[in-house]
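Line order of the protein sequences matches chains R and E.
When you line the first sequence up against the working numbering, it's residues 34 to 402, in that order.
When you line the second sequence up against the working numbering, it's residues 34 to 402, in that order.
It is worth saying that the hints were derived from the structure and are not from the lab.
Don't take every hint at face value.
No distinction is drawn between identical chains; accordingly, a pair holds when it is met within one copy or between any pair of copies.
Said to hold, decoys possible - Listed below are the simulated SDA-like cross-link pairs for lysine to any residue, each with C-alpha atoms no more than 25 Å apart in a straight line:
{"#": "1", "residue 1": "K153", "residue 2": "K253"}
{"#": "2", "residue 1": "K253", "residue 2": "P358"}
{"#": "3", "residue 1": "K327", "residue 2": "N271"}
{"#": "4", "residue 1": "K65", "residue 2": "A347"}
{"#": "5", "residue 1": "K82", "residue 2": "H61"}
{"#": "6", "residue 1": "K52", "residue 2": "E252"}
{"#": "7", "residue 1": "K190", "residue 2": "L396"}
{"#": "8", "residue 1": "K350", "residue 2": "G336"}
{"#": "9", "residue 1": "K390", "residue 2": "E83"}
{"#": "10", "residue 1": "K55", "residue 2": "A107"}
{"#": "11", "residue 1": "K190", "residue 2": "A364"}
{"#": "12", "residue 1": "K65", "residue 2": "K153"}
{"#": "13", "residue 1": "K65", "residue 2": "A359"}
{"#": "14", "residue 1": "K146", "residue 2": "P108"}
{"#": "15", "residue 1": "K52", "residue 2": "S113"}
Protein chains: 2
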Amino acid sequence: MKINGKHYRTIWPDNNNPKIIKIIDQRHLPHKFIIEELKTVADFTAAIKEMHVRGAGLIGATAGFAMYCAAISAPKNNFSSFIKNAAQNLIQTRPTATNLAWAVRRQLKAMTKEEDIDEKIKISFKTAQKTADEDASFCRRIGEHGLDIIKEISKRKKGEPVNILTHCNAGWLAFVDYGSATAPIYAAHNNGINVHVWVDETRPWLQGAKLTCWELAQEKVNHTLIADNTGGHLMQHNMVDMVITGTDRTTYTGDVANKIGTYLKALAAFDNNIPFYVALPSSTFDWHIKDGIKEIPIEERSGSEVNYIKGITADNKLEEICISPADSRAANFAFDVTPSRLITGLITERGVVRANKEAILNLYPEHQQ
Amino acid sequence: MKINGKHYRTIWPDNNNPKIIKIIDQRHLPHKFIIEELKTVADFTAAIKEMHVRGAGLIGATAGFAMYCAAISAPKNNFSSFIKNAAQNLIQTRPTATNLAWAVRRQLKAMTKEEDIDEKIKISFKTAQKTADEDASFCRRIGEHGLDIIKEISKRKKGEPVNILTHCNAGWLAFVDYGSATAPIYAAHNNGINVHVWVDETRPWLQGAKLTCWELAQEKVNHTLIADNTGGHLMQHNMVDMVITGTDRTTYTGDVANKIGTYLKALAAFDNNIPFYVALPSSTFDWHIKDGIKEIPIEERSGSEVNYIKGITADNKLEEICISPADSRAANFAFDVTPSRLITGLITERGVVRANKEAILNLYPEHQQ
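Next comes chain R alone, as it looks inside the complex:
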């Protein structure tokens, strides 16, 4: 997608030295656009853990390149155990995200196929690039499938704006390009369909206010920022035509782990008969977990992300403020799980499917067994 008119992905190898991987350090958006160079495995681990990069697909793509970085950093006499150790550390950085473990395991498998260390390094670079490219192309296809749904609503509304609510950032900043939840929105916008997006600010980290608003503004998509509390009221009053969110892990039974608060929006959509869609590439499915609420591990982050908020002052200075009594303890669960019964459909790169085991396995028969 474009930033000030120039095309960017969220992660890419440096043109002159592909051993250096470049990312957009998302902690500074929307106030500052900073490109960071990742050179060591520690750089990658910190970038994922401290959320310089975040979002299902981008975490996966970053983990792919991190394993390539591990391969070029590993001592030749201790290659395997270095790689195994790096893989373990990476997987532990964000426990809820499936794409992370998926991308790391894909690299381990690819490298196992080669005997020679130089070949292992080569295949790990190819695999990292393939993971990133696939992510972008899957998101593009999610956009095409989601577009059909939006078209339908637009037709029914006779060209009146289609009001889409989204939570968190499942935009192109959360993937390598296009985004998952935003891909249908961008596709609709580029097809001349009148869309308007309600953007949940998404406390505590404010991915909606900081990232989704910024993305949509760059692409000139009409949008309105709202507090996370607002969606229910909008839905009661016919101001939302559909909800699209992303997901960090979806079980093969259709339960969806996504940014904390998604479940509340799904309840409100269900209560008001509003379609609730979740957009995801197949890399986000967990083919092993049956009961999302009981079994998906939910990351707990520091409470200080609730007590303290970063933003920009009137004199353009990045500043952090405390919004509560300094000694009030805060809890910070990063995700929740929306049960499949509340979900209208999953928008995948292979098409739109109902959120249940039969339908999902029918679309992905290679995971039957």
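Assemble the complex: chain R is given as a structure, and chain E must be docked to it using the hints.
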């Protein structure tokens, strides 16, 4: 309730000059404790509109004293029309709050009973004080009735902490004393019951983070601050035993207007079989409106309350920061309406009652007709 060990109400006439009304300017809490003097009708209007004071009961009590201020400010030769004008301006400051119109009308009615202007002034002072005193005593009684519910849960949990989730601030800062939603919590705490409160931060204005946390800390009640997105996850995982919120207007049919986001918590409580209570003095009932969702006017405030957040920097300076792209428009609906079907019970000064017309009118037979 107590601040640093000293008893305060949220509004009181100055000891030496009762024509001066004192309030706590809540915009500066929890960072600074500032007492403001209200001397003119314009002072009162600004204090309500700009949220120096807020919350159902306190808005009502402030409106009561505002009408007294209008009475002492009115020119003798134009008394009635001055008072009528002041009443109209006051009612328009916060359209959703019932207590506001209720307190103003109570004053108009009281003053009509007297012929002489000096007598009108006297009765208006008495009425303002009565409104404030009743508010405090009603809240105390709400506490007693709510205490029974908490006791019951505590007994069932064999003394394990009773986890109560609350949204916004329906604490003593929202009333003259005790609070509505917090009154049962304080009563339980003072009765030695082990309670723990999940405090929704309550964006955009952050009444939970700023006011409820501060109140609970002052009274040494165990609490944890959470993002508004969190309650659903907690409820799915058995970490909430009951919800208690306040309300700005409740229809005689049991629909509850309260701070935006209340509806989402009610949906989650209902979905997880967790009791959802709303605490209110009778002054918050609207005896005319039947369908809360269709008929209660919802205040829209400036979007800048979403884009900008105030707090305190590391060097103890009050600062305002922007959290979004500066040009992203925001919408700011201040309240939503929770339909009666999602509410377990209303805790009033006369007892706990189901949220339906029959039960409510049975408890308040004087409003049958």
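Hints, one by one, checked against the model:
no., hint, in the structure
1, K153 x K253, "neither (43 Å within a copy, 60 Å between copies)"
2, K253 x P358, "between (39 Å within a copy, 13 Å between copies)"
3, K327 x N271, "between (34 Å within a copy, 12 Å between copies)"
4, K65 x A347, "both (15 Å within a copy, 22 Å between copies)"
5, K82 x H61, "within (16 Å within a copy, 35 Å between copies)"
6, K52 x E252, "neither (31 Å within a copy, 58 Å between copies)"
7, K190 x L396, "neither (31 Å within a copy, 46 Å between copies)"
8, K350 x G336, "both (24 Å within a copy, 22 Å between copies)"
9, K390 x E83, "neither (34 Å within a copy, 52 Å between copies)"
10, K55 x A107, "within (20 Å within a copy, 70 Å between copies)"
11, K190 x A364, "between (42 Å within a copy, 23 Å between copies)"
12, K65 x K153, "neither (37 Å within a copy, 61 Å between copies)"
13, K65 x A359, "between (28 Å within a copy, 12 Å between copies)"
14, K146 x P108, "within (19 Å within a copy, 94 Å between copies)"
15, K52 x S113, "within (20 Å within a copy, 82 Å between copies)"
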